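Protein chains in written order, with our numbering: chain A, 690 to 1162; chain B, 690 to 1162.
Mixed in with the good hints there might be a few duds.
The list treats identical chains as interchangeable, and a pair is accepted whether it falls inside one copy or across any two copies.
Unchecked claim - Straight-line Cα separation of at most 30 Å, DSSO-like style, residue types lysine-lysine; simulated pairs:
| no. | residue 1 | residue 2 |
| --- | --- | --- |
| 1 | Lys-1065 | Lys-1135 |
| 2 | Lys-990 | Lys-920 |
| 3 | Lys-1135 | Lys-1075 |
| 4 | Lys-1135 | Lys-810 |
| 5 | Lys-1075 | Lys-1123 |
| 6 | Lys-810 | Lys-1125 |
| 7 | Lys-923 | Lys-990 |
| 8 | Lys-1135 | Lys-990 |
Because the hints were derived from the structure by calculation, they are not lab data. Fair warning: this is a prediction, and the values are worked out from it, not measured in the lab.
Below, each chain spelled out in residue letters.
2 protein chains.
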Amino acid sequence: MSFTIQNVLISEGEGYRTVDVQIQDDRILAIAPNLEVIGTAIDGTNKLLLPGFVNAHTHSSEMWQRGIIPPVPLELWIAELYEFTPLDPEQAYLSAVGTAIETLLTGGTTVVDHLVLIPGKEIETIEAAYRGYRDVGIRAFLAPLIQDEALSAGIPTGGDEVNHGDYVRPTQATLDLLQEAINQFHRPDERVEIMVAPTGIQLCSDALFEGCIELSDRYNLNRHAHLLETKAQKLLAEEKYGCSAVQHLKEIGWLSEKTSLAHCVWLDDSDIQIMAETRSTVVHNPLSNLRLGSGIAPILKYRQAGVNVAFGCDGSASNDSQDLLEAIKIGSILHSVTDFDYHHWITPRQSVEMASLGGATGLNRADQFGSLTVGKKADLVMYDLKSLSMLPRTDPIGLLILGRPVNVVSHAWVNGKQVISEHEICNVNVDDLKEKLFDRSEWTPKRKSIAVAETEARYRSVMGLPGTTIGYS
Amino acid sequence: MSFTIQNVLISEGEGYRTVDVQIQDDRILAIAPNLEVIGTAIDGTNKLLLPGFVNAHTHSSEMWQRGIIPPVPLELWIAELYEFTPLDPEQAYLSAVGTAIETLLTGGTTVVDHLVLIPGKEIETIEAAYRGYRDVGIRAFLAPLIQDEALSAGIPTGGDEVNHGDYVRPTQATLDLLQEAINQFHRPDERVEIMVAPTGIQLCSDALFEGCIELSDRYNLNRHAHLLETKAQKLLAEEKYGCSAVQHLKEIGWLSEKTSLAHCVWLDDSDIQIMAETRSTVVHNPLSNLRLGSGIAPILKYRQAGVNVAFGCDGSASNDSQDLLEAIKIGSILHSVTDFDYHHWITPRQSVEMASLGGATGLNRADQFGSLTVGKKADLVMYDLKSLSMLPRTDPIGLLILGRPVNVVSHAWVNGKQVISEHEICNVNVDDLKEKLFDRSEWTPKRKSIAVAETEARYRSVMGLPGTTIGYS
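Pulled out of the complex, with its shape left as it was, chain A reads as follows (with noise of 0.2 Å):
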């Protein structure tokens, strides 16, 4: 399959560019003003291509908590998010269908899904976020959120002798499931790969991170992980390891250019500079630590020590939408609370950058996709500079970046293959997603957690907070 897109924009240098772009099969075959068309030709006028993002952390079954769990910070969220969550792997399936195409309809062309596993039906799980994505189309890298500790060791202890029990599954368990995982789907050629991807050290052995390096090592998987997300995280780390999480991460042989770290709120200037020596990624979550309070990534003091910095919009139930630009926005502009001197803040052009070849890069695959580049995959989104919400005309970048785009992706191609066409999803039917979302759930505003009562007491009283009130209902 070949196509050409016509009198297309294109950003060059601090401008912009009016040409053609030639794809054959999954790459760009070239790109300049008044090429032949080869294959179907595109009406390219009065539009912008761009690479096409990533989002480069998300949890998709998230999905279907979004907007009922209220604003409290991760610990007391998680609990209730873990207390309610889908066991059906049709579930799994529908949203990781929605996360897709949300992402899609928002710029992006790959998605990270840090996939919460339903216990018992794991493998089922990962089967039916992998037809997901495949059915919509989008690059996926499935990243199985694995475990080996209990829930509430995730909580520092404050000194106390706590007894977390077992977790449910032994750690090699999860390592053969992980291997299974990988047997059956990893899957490079039709665009879904396997992540290694322990959730963090809050929740994960030694041993499990070894295993996970083990097979990131044997079969060439990227590894993905949280870090840092909270202060509570942060000193937990300090009980666990004596250092700081980055060290030890460092120790065991964790972060490589093929890593990737979601939140990385809490690191210090030291752990920085391990960040930049090991070449991993920093991936943020803006709004997402924003709605849960973990506080604001030092996203500034990375991209000065050289990190590579990614964006991702985290999963649904804390943020809790999967729009891309949205992150992208508020991921940007934020930072200026955190450094008065505006020679430092992140530009609409420089925002662009980090959200595709920054999520590249992040993923090991800057050489492959990323950028608008002869050779390289066509993960291409053209947006529609007629759409209201982009106009009146100025700088159609810096518009997308820090205006509020609504429905402006008219076209998208992930590998060289059309999933948006005319700013409608190609490949599967959005109306009839629609109907089983709203089939399968009800509006149920007054819940109430049983886990986030039992954990709250002990929170607040670790994390210095006054009372033991729980502070919503």
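The hints should help you fit chain B onto chain A, whose structure is shown.
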């Protein structure tokens, strides 16, 4: 004109209730299940009905420059803004229409337009915006932006002797102009009111404030101004008055229950007490504050002190959109970074109340609109809960506020008159607007501001920033 909305979800306590709502002429006549249909029947099934929100601070003509001004602080941003300000009243008409449409499509039914006046065509500018808001049918508070000091006076001197020169128009001429605007365009019966609105202490003399107070008292007009948006303004107030800006505004009688003040980022605890005592309203513009690096307004402190808070988008050149739901979301979740105790964080239902009743209170009209109350004006918005971004079904208000709603407003009414029907704007042709915005603009990413170049060295020196190079190109 009467109509009856049937089977619509409304908020009740912490839950929801399905009711019918009768509207007669401009008012809500009854809210209860199984009402008799009066007038047209509107199907509210699978929809949520909320009072319309107030976009409590914007500058409509900034729409012409949205997306183009680089990330710089207010004092440099405004120099560029004014250098390229639109000069044709027809542009002011189109941007008022665009501002009204984007506000309506994101839940707003009232807009406060702190309107930048075209030099030499001040009355024509006001007439154009007045016509735009009447054509769309939104409720509008037109606040002609006035000042009587030159732009350079807005930057602290740092102790140096600086001659700013005279402003182009004497104070009395400006007050005469305002009198003329009141005579011609203060039309409460037509849903358009004039507000007195000096831009703020940074560019206005006491004589101008006092003249505005006199007009406000005589015609019962609301009062509006910017207040301590930036650190530079806080320094300036100390230079100018030898006390805080809030203390000074209290002394001259500016603060009242008719007074709403945009931004309020740099107030201290004693200032906050004065705001509470005088029953003044804070208008929170979180996106603009982040985009311009102004800081984070202490919204949780205002709420704890009993100060009324409303939300605004601010002008589109500092936002860069008029998506009111986005401003509400970010203005709600941002404050977790200022107070770690989640018991103080803003819940989605509190956000809705701030955006609706808080907005009406700031306009001294809480008795007339801002809630679903029998006898109040029918300023109503109906949200489609079968939109993809509102699925799956969880807590509709939670998802509306914390999610990223796209095309969710299916119907809206202002003063009982329909302004949105089946997701479409009723009273103006949006395609025609888009064509005009397109035709009157061009993609100009590389424009250079002479005014910024002239201002930057002094700004950096006064604010203690190193170097003097222009940080963007």
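TODO: Please work out whether the CA atoms of Lys-1075 and Lys-1123 approach to 30 Å or closer within one copy, between two copies, in both situations, or in neither?
DONE: Both: 27 Å inside a chain and 7 Å across chains, each within 30 Å.
Task: 30 Å Cα threshold - placement of Lys-920 relative to Lys-990 - done: Result: close both inside a copy and across copies, 18 Å intra and 23 Å inter.
TODO: Measure nothing new, just compare the shortest in-copy and cross-copy C-alpha distances for Lys-1065 and Lys-1135 to 30 Å and report within, between, both or neither.
DONE: For Lys-1065 and Lys-1135, the Cα distance is within 30 Å only across copies (28 Å; inside one copy 50 Å).
Open item on the list: I want to check one pair: Lys-923 and Lys-990. Are their C-alpha atoms no more than 30 Å apart within a copy, between two copies, both, or neither?
Closed with: both (18 Å within a copy, 28 Å between copies)
TODO: Have a look at Lys-810 and Lys-1125 and pick one of within, between, both or neither, based on CA distance no larger than 30 Å.
DONE: within (21 Å within a copy, 56 Å between copies)
- [ ] Evaluate Lys-1135 and Lys-990 at a C-alpha cut-off of 30 Å and name the case that applies: within, between, both or neither.
- [x] Classified as between; 28 Å across copies, 42 Å inside a copy.
TODO: Tell me, please, which holds for Lys-1135 and Lys-810 at an alpha-carbon limit of 30 Å: within, between, both or neither?
DONE: For Lys-1135 and Lys-810, only the intra-copy Cα distance (29 Å) is at most 30 Å; the inter-copy one is 55 Å.
Open item on the list: Checking an output row: Lys-1135 and Lys-1075, CA cutoff 30 Å. Within, between, both or neither?
Closed with: between (42 Å within a copy, 20 Å between copies)
The structure fails none of the hints (numbered hints given earlier).
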